[in-house]
Amino acid sequence: MYKSLFAALVTLWSANALAAPGHQANGTQPANEAKVDRVIQVEAEEMIFGPEALTIAPGETVKFEIHNSGALAHEFVIGDRAAQEEHRRMMQEMGSHGHGHGDHGGHDMAEGEHGGNMPAVTIAPGETATLVWTAPEGASQLEYACNIPGHYEAGMVGQIDLEG
Amino acid sequence: MATKNITDLSLSRRQLLKGGAALGFGAAAMGLAPAWADPWGQSNAYPQGAVEGNDIALAIRRETLAINGRNARPITINGTSPGPLIRLREGQDATLRVTNLLDEPTSIHWHGLILPPAVDGAPGISFAGIAPGETFTYRFPVVQNGTYWYHSHSGLQEQLGHAGPIIIDAAEREPFRFDREHVVLLTDWTYEEPGSVFRNLKTAEGYYNLQERTIADFLAEVRENGFRETARTRAMWARMRMSSRDIADVTGSTYTYLVNGQAPEQNWTALFKPGERLRLRFINGSAMTYFDVRIPGLKMTVVAADGQPVQPVPVDEFRIAVAETYDVIVTPEADTAYTLFAESMDRSGFARATLAPRLGMEAGIPERRRIADRGMEAMGAHGMDHGDMAGMDHSNMAGMDHSNMAGMDHSNMAGMDHSNMAGMDHSNMTGMDHSGMQHGTSPGTSEGGLLLAGAAQPGSQYDQAGIGIDPEERRILVYRDLKAFRPWPDRREPEREMEIHLTGNMERYMWSFDGKTFSQIDGPIQFRKDERLRLILVNDTMMEHPIHLHGMWMELENGAGELIPRKHTINVKPGERVSALITADAEGSWAFHCHLLYHMDAGMFRVVRVS
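In order, the protein sequence lines correspond to chains H and U. Numbering-wise, our numbering puts 5 at position 5 of the first sequence, and it's gapless, one number per residue. One rule links them: number in our numbering = place in the second sequence (from 1) + 1000.
The hints are simulated quantities; they were obtained by calculation from the structure and are not laboratory data. Honestly, I wouldn't trust all of these hints.
Which residues of chain U face chain H? A partial, calculated answer using Cβ under 8 angstroms [claimed, not checked]:
{"hint": "1", "residue": "P1175"}
{"hint": "2", "residue": "F1176"}
{"hint": "3", "residue": "R1177"}
{"hint": "4", "residue": "N1267"}
{"hint": "5", "residue": "L1271"}
{"hint": "6", "residue": "P1274"}
{"hint": "7", "residue": "R1277"}
{"hint": "8", "residue": "L1298"}
{"hint": "9", "residue": "K1299"}
{"hint": "10", "residue": "T1301"}
{"hint": "11", "residue": "V1313"}
{"hint": "12", "residue": "P1314"}
{"hint": "13", "residue": "R1486"}
{"hint": "14", "residue": "W1488"}
{"hint": "15", "residue": "S1589"}
The beta carbon of each residue, even a glycine, is placed where N, CA and C say it ideally should be.
Using the sequences and the hints given, assemble the complete structure.
Structure representation (structure tokens):
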């Protein structure tokens, strides 16, 4: 039962990874690339993102280049505080199923589509991943976070100020 | 002669007071320290004051102080009990001058610190102890960071509050973030003299156990299980000379459980601003008490164990064995108070503090849990299959008294779980000291080499929180959760295994390793210099034992492969079999013992010689 859930999530993630992770649903990667306004480099390391906060104008299209210089896998997920919390709760529940029985307790669990349209990417240690994202209108504060169990709580969260 | 000694003592006392004040140390000077002056500053985290720097002076006295408003005679360090927070920095050379103003020898052991044997502070091993009136200077390079503690290693002095926290600030960024930190030092205080506590334990095991089963319990159990089953269970426990409610030797009937020296009624309070990430540095500096710690309303994310960083684990509760430390991160969002609740494992009492945005606030105290009953689950956890023990001669099992077990019908031991015992590998037991255990047959014996480094031993219970905790109720930290970020430097497979049994006779209050108390053994345990060793600990008793090795890390083989965590103190549950990898790189003689103070004093102590 658990195994199949895990498989389903991996499949979900693969599908998601192939599709553009952009927030305006099905925009294709090249189209997004074409109108990138800014490239922002983010360093992910245990248990901190650098920079720790960002200011992005509504409507601005940003290409994040996230480098994982730590020893563990991390995610980079954008969403409001409540969505991040919900995502975290799900990750924790998935993790607790496997609790004490092997190494798949959430840590290998890549980002799925749960939590709505949260743009997300998972970065293996030593790797760099990119994520193109257009800042929405009408939100004032979002977070970029890693919701692998414990990582957010230990400090892997940054604020995006959208009011300029 | 005697007069002269007294004169000398009072002289050095005066000198020290003068010297201490001039250097800015001692309780009187503490208010001047900038960090201490700021009520929100990190050093305010600990009410007994802090000392830091390259030259730290500590004065040990016995004096009359109030503990929970009542006259007490603790041992103080710079005027407080527990002692001041010692704050060091990774990479510095520490100099700590300890002056003994007691009328008996004393010592300070820096628990968990990797340092040369001469400054480890365990008297009679690589250090003579500190005579009355003498100042001993500990000098050592600080080669690690994290949360540790210090305590006397002389006699039963630790029970008198001769202990305090150590924080070593990291040279490089730690793998987590926090805005504020607080130290939470848990201790168990008794107004009795420790010597008399020990005598009471010796003369009447269960002396402090007011939770013995009553006739009412018996009748309730009869209603539930029927008379025959109940009577048989009781009789079995009686024959084994144990009470099923023996969770702790010394209990809340004599102990007042303290947080940073404050009783529950005094409600030590740690301040925060809502939304801040707080780092709480938990230290169990108790003599005898395990605590179950939680903060209702807050998730705690464990980020370090025994001073060493671990991959973060969000939990609702954790059990902290005597001498362990855990660092957790909490983020209280609301402008409200939270209760920090540390219930003693035997449920005979609790320590309590408050996290609050302002002084004077408090939250409710959680309902206490029922007294845990060792019952049959403890028997079941005992890593031996009694069903297959035909031909094993138990009469010589030193330490465990099975002499009255004749007639025990193992086939009816309902609820015994032997399912985890398959595949117990006894093939590597050659050359081990069985202390007279006659293995007529060795069930489950198989060919094969040593287990791979990091693999969990059959018979380990790393995924279990332990007695009296319901894992369904909330998320509890277990040893299986602890994972390092990166493999520790020595990744060699073990060359050799050494198995040590934790043994005891509860009724006579004898505690030992391999059935022999410290006074009965004739030499140290030998580690070869630089060898990679697997130490296997088998708990043949019905109690938890926190096992501490001085001078070297123990890498706990909890199944995390190369990411196994390293610890200075390992809790071994009743009947459990655990293992740790050790790199024997610290030449010299070191203490190895159960950190339950009265168990250590009773003989659960050995010297390890690395040569």
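Does the nearest C-beta of chain H fall within a distance shorter than 8 angstroms of the C-beta of V1313 (chain U)?
Since chain H brings a Cβ to about 5 angstroms from V1313 (chain U), closer than 8 angstroms, the hint holds.
When the nearest CB of chain H is found for L1271 (chain U), is that gap smaller than 8 angstroms?
L1271 (chain U) check fails; min Cβ-Cβ to chain H is 20 angstroms, beyond 8 angstroms.
May I ask you to test the interface hint for R1177 (chain U) with respect to chain H, counting a Cβ-Cβ separation under 8 angstroms as satisfied?
Interface hint status for R1177 (chain U): holds (3 angstroms vs cutoff 8 angstroms).
Go through the hint on P1274 (chain U) and say holds or violated, using the shortest Cβ distance to chain H against 8 angstroms.
Check failed: Cβ of P1274 (chain U) comes no nearer than 14 angstroms to chain H, outside 8 angstroms.
Report holds or violated for the interface hint on W1488 (chain U), using the least CB-CB distance to chain H and a cut-off of 8 angstroms.
violated, 13 angstroms
Let me know if the C-beta of S1589 (chain U) comes in closer than 8 angstroms to any C-beta of chain H, holds or violated.
violated, 36 angstroms
Per the CB criterion, is F1176 (chain U) less than 8 angstroms away from chain H?
Because about 4 angstroms separates F1176 (chain U) from the closest Cβ in chain H, which is inside the 8 angstroms limit, the hint holds.
Holds or violated: is the Cβ of L1298 (chain U) closer than 8 angstroms to a Cβ in chain H?
violated, 10 angstroms
Please check whether N1267 (chain U) passes as an interface residue: C-beta within 8 angstroms of a C-beta belonging to chain H.
Nearest chain H Cβ about 26 angstroms off; hint violated.
Proposed interface contact between P1175 (chain U) and chain H, which counts if any beta carbon pair is under 8 angstroms:
It holds, given that the least Cβ distance between P1175 (chain U) and chain H is near 4 angstroms, below 8 angstroms.
Interface restraint verdict for P1314 (chain U) against chain H (beta-carbon cut-off 8 angstroms):
Status holds, d = 5 angstroms.
Have a go at the T1301 (chain U) hint: is there a Cβ in chain H nearer than 8 angstroms to its own Cβ?
Interface hint status for T1301 (chain U): holds (4 angstroms vs cutoff 8 angstroms).
Comparing the model with each numbered hint stated earlier shows that hints 4, 5, 6, 8, 14, 15 do not hold.
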